[in-house]
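Student: One line per chain: the protein sequences are A and B, in this order. 2 is the number of the first residue of the first sequence in my numbering; add one for each residue after it. 4 is the number of the first residue of the second sequence in my numbering; add one for each residue after it.
It is worth saying that the hints were derived from the structure and are not from the lab. The structure presented is a predicted model; accordingly, all values stated were derived computationally and were not measured. Every residue gets a Cβ at the ideal spot worked out from N, C-alpha and C, and that includes glycine. Hints are not guaranteed to be accurate.
Stated by the list, open to error - Here are the simulated SDA-like cross-link-like pairs (lysine to any residue), alpha carbons at most 25 angstroms apart as the crow flies:
no., chain 1, residue 1, chain 2, residue 2
1, A, Lys16, B, Arg22
2, A, Lys389, A, Glu200
3, A, Lys389, A, Lys79
4, A, Lys16, A, Pro178
5, A, Lys79, B, Pro64
6, A, Lys16, B, Gly48
7, A, Lys79, B, Gly48
8, A, Lys16, B, Asp58
9, A, Lys79, B, Asp47
Unchecked claim - Interface residues of chain B toward chain A, partial, derived using beta-carbon atoms under 7 angstroms:
no., residue
10, Pro59
11, Thr66
12, Ala162
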Amino acid sequence: MGAERVAVVGVGQTKHDAVRGDVSIAGLVHEAAQRALDDAELDWADIDAVVIGKAPDFFEGVMMPELYLADALGAVGKPMFRVHTAGSVGGSTAIVASDLVAAGIHRRVLTVAFEVQSVSEAMWALSFPYPFQPPMHAGAGGYFAPHIRSYIRRSGAPDHIGILVALKDRRHALGNPYAHLHEPDITFESVRDSIMLWEPIRYSETCPSSDGACAMVLTDEAGGDAAAASGRAPAWVRGTAVRSEPTLAAGRDQVSPLAGRECAAAVYREAGITDPAAEIDAAEIYVPFSWFEPMWLENLGLCDVGDGWRLVDEGVTQLGGDLPVNCSGGVLSTNPIGASGMLRFAEAALQVRGAAGDHQVDGAQLALGHAYGGGSQFFAMWVVGAAKP
Amino acid sequence: MTDDTSLRAPLVIEYPFTRTTGPVVGAFLTALREGFVVGTRASDGRVLVPPAEFDPVTNTPLTEVVEVGSEGVITSWTWVTEPVPAPQRPAGEEPPWDPSVDAQPFDRPFAWVLVRLDGADTSLLTVADVEDPAQLHTGLRVRIRWRAEREGSIRDIEAVEPVVSGEDLP
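Construct the complete structure from the given sequences, taking the supplied hints into account.
Tutor: The structure is reproduced here in structure tokens:
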């Protein structure tokens, strides 16, 4: 991080849904951005630059949509920056915004991420039929299912762990009015009995396809101090890290990618964290398929290798547990792909601001936001705190 | 050089997208289906056609939808001598969409034109259907020729044609 301290002073998100038929893409991103500005008690004119991210353009079929979204995001005549890192993009977009403030280039940056899954089928867009290659027609679930099976074989985790994660996150979502899925009647049995899509991933252990956007206003230290002085607690950025690795590198560990382990180590180092499991009060981790919670707990160094599933089994990751994970309901309850990473970062900020409403972790001081993308190859993470770094 | 022994296969990149148009573009497309044109009034009083959903100056949503005329003047144009035909499909493959969407508007020479419709302060990109570029000039008064079967698409405007009885405005 640079010399300038960075504060999150505004957070906004849309109501997420399978089809947001009432708004255009421009209307959707404007809705999130306006809420972030309102939360920050700032106006469009106060913003110096806009940083925007989304998953690949072919998901909506609009090339470089940021150009036409300038009006809707108050970016006319201002620097506008687009970030591309697949599913992790919401996280790395927030980090680019944070870096622009930390470097002293801009004082107030609006950062936005979105996806409108209802206008396409991202699932099948990921399975393009190239000539002379075996057609997978697998989508993301088919791609990740073998990694999950490998994790289960290595760790000896019992079958019900994935069910427990899905049940937990969907119950958490009931406390988040913006979440896409609200399933008050969900039970262990209903998850267990849902159709098996890609063994061992059941339908109810899979993220939904969502339309939605997320936005944050990031400021310099003076902006954070001003927010605090007016009674609106900021979240201070304590550390950021981005790491990548090639999808098909020989010897790559797809269950616990090196880039993820190194990204976590880097973000803890920058935040001055030596015992992450003890020091982090809330974690928002990118879990699109339930089994990725124990896998990422291990990859993130939040427990010993092989113990991730035990934390789930013992209820440690529930709201009220020692290490609450995805109290917002997570990606399993809301998945506008390009926005999903920023939602993790923003929910982490809400936790340390004490602004998470019915899914608040009492007294959260330090929170982790995590995003991954591609074939588990792009990682973005930040740690935010209630106290200044 | 082409190697006759090399493997070949068609790779047609196609993907079905839909659009959620929202309140402003939705109103514009609905009006086209009904056979008229609307714009939005910006914060500085200008009428923008096609309509913008957000004000380019204040960034606030534009909500005042304004009907404009079906006649206007050409503000710029370019002549297309050799229209691009619709792409040929691999034998035996049925296109999943209306092939006319992939083709240029006419298979005979035509002009792309910017037209400022009466009551509008900006210009709309559309097509002029005339036989000879000598019939076109900036400032020429034109009128929309509507498609008989309209569906809420920009192609509901089949073309613009010179207003024969009207006067040309500078």
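Student: Are any of the numbered hints broken by this structure? If so, which, sorted upward?
Tutor: 2, 3, 6, 11 and 12
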